[in-house]
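Just need the whole structure built from these sequences, with the hints factored in.
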Amino acid sequence: MIDWIYFFDLCGTAVFALSGALAAGRHRMDPFGVLVLASVTAIGGGSIRDALLGTTPVFWIQDPNYITVILVTVILTFIFVRKPKRVPRYILPVADALGLALFTVIGVEKALNLELSGMTAVVMGLITGVGGGIIRDLLCQQVPMVLRTEIYATASIVGGISYTISLHWGAAEMFALLFAMGTALVIRLAAIRWHLSLPAFDLKTPQ
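Residue numbering for the sequence shown follows the numbering used here, beginning at 430 and increasing consecutively.
The set of hints was computed from the structure by calculation and includes no laboratory data.
Source: prediction; values computed, not measured.
Even for Gly, the Cβ is constructed at its ideal location relative to N, Cα and C.
Wrong hints could be hidden among the right ones.
Label-pair restraints from in silico Cβ distances [stated by the list, open to error]:
(1) Pro493 <-> Arg518: 30 to 40 Å
(2) Met548 <-> Trp623: 22 to 32 Å
(3) Phe509 <-> Phe630: 34 to 44 Å
(4) Phe630 <-> Thr497: 38 to 48 Å
(5) His597 <-> Pro493: 27 to 37 Å
Structure follows, in structure tokens:
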């Protein structure tokens, strides 16, 4: 039987690695820079999560398949995306949104398996979902998406809550998994499409 959690974890790794590789291409990095950015985007959030939970060595050290997926993704990106400037601008945010949805649920699932509280599990899902993207954006000298007003972290939080509540109400694991990922993905894609954002905290300086 297929371990769907593991399958989606590897899919999320590939999607976030693609996101990092495309970001590196837009900043005209060399092949090593592309590999580094793809790697930190794909495994950065999960590494932070495992360190906080004390589950060491972290997941990608225990299972080299994650590194293999990153390498294959980077190689395929080099082969099929020869001119990053011609890649449609929506590809990067959509790939990032999909990775956010996938990794959020993976993070929540890992925390729940350790019998932690639902609230802690949602936070671990958030860290897993946004951690790699924060590192990627900082290395690209950009303000991380999670700190901008456009809805990003909120999508991860709602997805994590959806997954936790669905399991608490006795839903089948696969239903809860797909429902939570779909919820987070729809919210994030809607924010991209219609530029939805939370109110900014604006402290105006007296004139």
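Worksheet item: What hint numbers does the structure not satisfy?
Response: none
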